[in-house]
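All chains, please: the whole structure from these sequences, using the hints.
Protein chains: 4
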Amino acid sequence: MDLRAYDRIVEQQVAAGVDGLIIGGTTGEGQLMSWDEHIMLIAHTVNHFGRDLLVIGNTGSNATREAVRATEQGFAVGMHAALQINPYYGKTSRSGLLNHFRAVLDEGPGILYNVPGRTGQDIPDDVVLELASHANFLGVKECTGNQRIQAYAAHGISCWSGNDDEAHAARHVFGAQGVISVTSNIVPSLYVRLMRQQNDELADSLQELIAWLFCEPNPIPVNTALAMCGLIRPVFRLPYVPLSLQQRELGAKLLRAVAADLPGVSDIKVLADSDFKLVSRY
Amino acid sequence: MDLRAYDRIVEQQVAAGVDGLIIGGTTGEGQLMSWDEHIMLIAHTVNHFGRDLLVIGNTGSNATREAVRATEQGFAVGMHAALQINPYYGKTSRSGLLNHFRAVLDEGPGILYNVPGRTGQDIPDDVVLELASHANFLGVKECTGNQRIQAYAAHGISCWSGNDDEAHAARHVFGAQGVISVTSNIVPSLYVRLMRQQNDELADSLQELIAWLFCEPNPIPVNTALAMCGLIRPVFRLPYVPLSLQQRELGAKLLRAVAADLPGVSDIKVLADSDFKLVSRY
Amino acid sequence: MDLRAYDRIVEQQVAAGVDGLIIGGTTGEGQLMSWDEHIMLIAHTVNHFGRDLLVIGNTGSNATREAVRATEQGFAVGMHAALQINPYYGKTSRSGLLNHFRAVLDEGPGILYNVPGRTGQDIPDDVVLELASHANFLGVKECTGNQRIQAYAAHGISCWSGNDDEAHAARHVFGAQGVISVTSNIVPSLYVRLMRQQNDELADSLQELIAWLFCEPNPIPVNTALAMCGLIRPVFRLPYVPLSLQQRELGAKLLRAVAADLPGVSDIKVLADSDFKLVSRY
Amino acid sequence: MDLRAYDRIVEQQVAAGVDGLIIGGTTGEGQLMSWDEHIMLIAHTVNHFGRDLLVIGNTGSNATREAVRATEQGFAVGMHAALQINPYYGKTSRSGLLNHFRAVLDEGPGILYNVPGRTGQDIPDDVVLELASHANFLGVKECTGNQRIQAYAAHGISCWSGNDDEAHAARHVFGAQGVISVTSNIVPSLYVRLMRQQNDELADSLQELIAWLFCEPNPIPVNTALAMCGLIRPVFRLPYVPLSLQQRELGAKLLRAVAADLPGVSDIKVLADSDFKLVSRY
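In order, the protein sequence lines correspond to chains X, Y, R and H.
If you number the first sequence the way this note's numbering does, the last residue is 282 and the count never jumps.
If you number the second sequence the way this note's numbering does, the last residue is 282 and the count never jumps.
If you number the third sequence the way this note's numbering does, the last residue is 282 and the count never jumps.
If you number the fourth sequence the way this note's numbering does, the last residue is 282 and the count never jumps.
Relax, there's no trap hidden among the hints.
Simulated crosslink set (SDA-like; lysine to any residue; CA at most 25 Å straight-line): (1) X/277 to Y/93; (2) Y/269 to X/93; (3) X/277 to Y/103; (4) X/253 to X/211; (5) Y/253 to X/93; (6) Y/277 to R/280; (7) R/253 to H/95; (8) H/277 to H/226; (9) H/277 to X/282; (10) Y/277 to X/127; (11) H/277 to X/281; (12) R/277 to H/93; (13) Y/269 to Y/222; (14) R/277 to H/89; (15) R/277 to Y/282; (16) R/269 to H/95; (17) R/277 to Y/281; (18) X/277 to Y/105; (19) X/269 to Y/93; (20) R/277 to H/72; (21) H/253 to R/93; (22) H/277 to R/93; (23) R/277 to H/105; (24) X/277 to Y/65; (25) H/277 to R/105; (26) Y/277 to H/72; (27) R/277 to Y/1; (28) H/277 to R/127; (29) Y/277 to X/65; (30) X/277 to Y/98; (31) R/277 to X/65; (32) R/277 to X/72; (33) R/277 to Y/279; (34) X/277 to H/279; (35) R/277 to H/103; (36) Y/277 to X/89; (37) X/277 to Y/134.
Label-pair distances were calculated between CB atoms; the ranges are: (38) R/126 to H/172: 40 to 50 Å; (39) X/106 to Y/198: 44 to 54 Å; (40) H/208 to X/4: 47 to 57 Å.
No lab work stands behind these hints, which were simulated from the structure alone.
Glycine is no exception: its CB is placed at the ideal position from the N, C-alpha and C atoms.
Shown next as C-alpha cells:
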C-alpha cells in the first residue's frame, strides 16, 4: 500500500473542505484488502487526519461475524462512524437484514448503504424505517435515486446520495445531507461547492466527466484518472484493469478541462498500456 | 463446523448417485467461512469422498488474488475442479472479467458461475465464448435461464443449470449436462432420477417444494429444512436466520410428502423459534 | 479484548509518569493475539495515549515476513518505535540474525530484545554492536544481566533492563536508560521513583513482590495480581492459568503491603479457583 | 510453495522405507508458514502419500487456541497424528502445561515434543508421566538426551530421539522407538538401516555429516544441502540464510561421500552466493 500517495490525496481532500472520508469502500477497493490492511488504513487515517475530517470505515461485510469484528476494531482505532452494507452476494431475508444491521449498529454509529446494483438485493424502505429507531443509526447512503431520498428525508432520515450525477439535485431539491462521491476524489473543491450552494451551471458542466467516471464499473475510471494525473502509481489489483486507450484519451481531455480544480496535478498523461502493472497474486 | 453431520449428509448424496459436490458455495455458506475453514472442508471431502464423487471447490472470490490463492490451495489438496464466480459486489469491466477468469483458470479446471441476481453483474455471452478456448475451461453454471443454456450448448459448451425449477427442462430439452442443485441436498435420489431420464410428472410434482426452498434467499429454506429433518443442528450463522414459523409449517408439510425420499430422516419437526440458535460473533 | 479495563490501566500508567508502553509483549500476551488484534491495540493506544507516552509495538516475530509486515503496519498506525525480538524457537545463524534485524529496522526505529531464556538463543554482543550503526537502532532491552548492560553502555548503546530485580542497579550503577518492567504494571509510581533517583531502600523493599511476580513464567503472576486487584476480569487465555491458591494468598499479602501505591485498587481479593475462567478455543 | 519439489522428495522418502513424516516442523519451516499453508500441506501430503506413510502434522503452537484449531483442522483433513510442542517463548507453569497439552490431545493422537534448546522451557518428567495416561498420548519426541529416553522407556512410554547424532544408540541401547530425523531428509535409506538394525560402523560413518547438518541452527544446513543437491530451488525465507561458502564447500565434500545414498541427486554443486535468493517480504 502506497501510504505516501494516499496521504497526499487526503491532504488535498482536507484542503478542499471535504467533510469526511469513507475508508475501504468499493471505490477504495476495500474488498481487495485483507482485514488487517483495512483496519490499519482506518487507524492511519484517524491518526493523521482524524481532527480534520470524519473518518468513516467501510467495516461492513456479507458475513455478520466479520462485519461485527471489523466494526468493533474500527471503533477501537478511533473511526467516527461505519458504513454498513447489506449482505451482498449471499443475500438474506427481511428478518436476516434486521438481525444483521442490529448486530453491527450495536457496535457504534453507522450509515446504511443501499446499492442493489452491486449487492443483488435492495434494502426495503420498511427495513430502513425500522432501523432508524436504533440509537446508532445515522442515516442512509442511497443509490437508487432521488425519489427515495425524498421519501426518507420526509421521515427525518439523513440521506447521502450515492450517485454523483444526481447528487446536486439530491442535496438542493430532494433533501439529502450531501453526497458520498467518487468524483470528489478528483475534483474535491468542485463537489464541496456543489453541496454547499445550488449551482446548476456547475452541476451541468460536470456531467460529462461524471459519465466518464462511470463508463466502466467504479473504481476503474477513477483509478485510471488518478494514475494519469500522477497522483498514484499505475498499478491495478485485479479484477480491476485500466480503461482502454480510447477511454483514457477521452478522460485526459475531460480532466484537462478541469485542470485548475485538480489539486496537486501538474500534468495529465495519456498513459500507454505498457505503463500499467497488473497484480493478480500475493 | 459439525463434520459428523456433514459426513452423514455427503454419504447420503453418494448413496443416491450424485455425481459431484460444490464445497463452500453460497448454499454451503462459503462466504461465511474463513479461507482456512474453506480449504479444510475441501480437503476433508477429498479425503473421505474423493473416490466416490467429484469434489468441486467454490474457490472463486471477487478479489483475484484471493481466488488465485484459494484455487491453488484447493488443487493442492486434491479438488477435482473449481467453481469460479465473477467479481460480485466489486464488479469489473469486460477486460477485467477476462483477466480475472484467465488468472484463476490458469490454476486448474474450472466451471464459470453466472448468477447476476447475486453478483450484480452478468457474465456476457461473448466473454464466456472467449474463455471457452482456455484449456482448463469446463463449462458454465448458468442461472439466467434455459434460452441461454440452449445457446451455449449449441456452441458445444457444457452447461449446468443453476435453477432447480428449470433444471429438468434444461437437461432434457435445452442441452444442459445437468444441474448444480439446492433441492438435491434434501432429495438427492429424486434429482438424480430427474437428470438421468425425462420424467415430467416427477418434475411437476417437485415444483411446490422447490418454490418453498426459494421463498427466501437460499440457503435459508434449505438450512431450515435440514434442521427440521434432524440432519443438522438448528444453528444459523448470521446474516442467515430460520424461516418464519408459518413458512416452517408449510415446509414440514411439503417435506413429509417426500418423506420416503429423504435419506436418513426419521422425523420431521416444526421447530419452535426457541429451538434455533443465532451466531453473530466469533 | 476488554479495552475499558485496558484504558483504565494505561491511564494510571500515564498518571504515574511512565514514559512508554510496550504493546503486545509477552507480558501483554502478544503471542496469543492475531495480528489484526495486535495492530488494532497499537493503533488504539496511539489514538488515546500517543500524546502522553511512547507507544512501542512488539511487532517482531520469528518469521521475518511477519515481522516486517507487522512493523510496517505498526508504523502506519502511528507507533513511535518497535521492540524487535530475535527469531525464537526457529533460531538462526549469525548472518541470519543480521539479515532479520536489518529487514525490520529498515521499517523504522527499533529496540532489540534479548531474552535467551525465552528465545533459546542469545543475541551475541558483536551482532548488537554491528546493528548499532543502523540509522533506526535505538538500543537494547537486555535480560542477561547488568554486566552486559554495562559493557553496552560503555559503547554508547542505550540499554533497558528486562529484569525487574536488577533494574534499579542497572539504572544507577551500570548505565541503563531505564527498565521495561513487569512490576510497573502494578506499582507504576514506585518504578518511576526507582528509575528517576537512586533509592536502595525502596529497591530492597520491592524484592519480595518482584520475586512473587516471577514465581511462575510471566505474565501468570501479574495477571493473577491484576485480577485479584479487580483491574481485569479473571479470564485467562491458555496456556496461561492463574497461580495456585497458596501463591495467590502470598500475593494478596504482598499486594496489600503496597496498597497505597496500587492506583485504582480499592480491594484485594484472594479469588477462588471457581472465580477464574480459562479460554482454550476461539 | 514448490509442491513439485516437495512431492519428489517425499516420494524418495517413501521409496527408502521411511515410516512417517512430520509436516511443518521447524525443519519444514512450519513457523514461517501461515496456518492455511500449513494445513494445506498436511492435506496435500495425506492425499498423495497418506497410504504410504504416517502423516504427522506439527499443529502445535504456543497459543493454545491456535494449536487446538490447527490440530482440529489437521485431523479433519486426515493427518494420522499431531506433534505437540510446549508453549515456546511464552512459556507457562506446570499447571499451564498440563492444561495446554490436554486441550490439544483431546483433539486426537499426539506426540509431545520436548526441545528446551528451542522453547526455553523443559517439559518435566512428571508432566510427561501424568499426560501418558491420556487416551490420545502416543509418546515423546525427546531432544534432551538418551538418559531421559531410557527412563521414559522404562515407564513404557514410546520415545523418538530428536538428536540425529544419538539416535542409533537411542534406538538400540536406550529403548527408543526410532528417530524424528533431520539427516533422513538427505539420506533416508541410511537412517532406515540405522533404525532397523544395530550398525555401529554405519552410525560412526555418519557423524561428520550429522555434525555439519547442525553447524548452524537447523534447517539452515539441510536446506543448503537440498539446494546444492538440486532437490529444491536455492530460495531462503528469512530469518534463514544459506551457509557460508566455506561451510558449503565442506558440505559438498561430505555429501559427495554419500552420493550413492542420495536419492534423485545427479550432481552436487557448491552454489555461489549469487545463486541464492532471500525472501523477507510477502
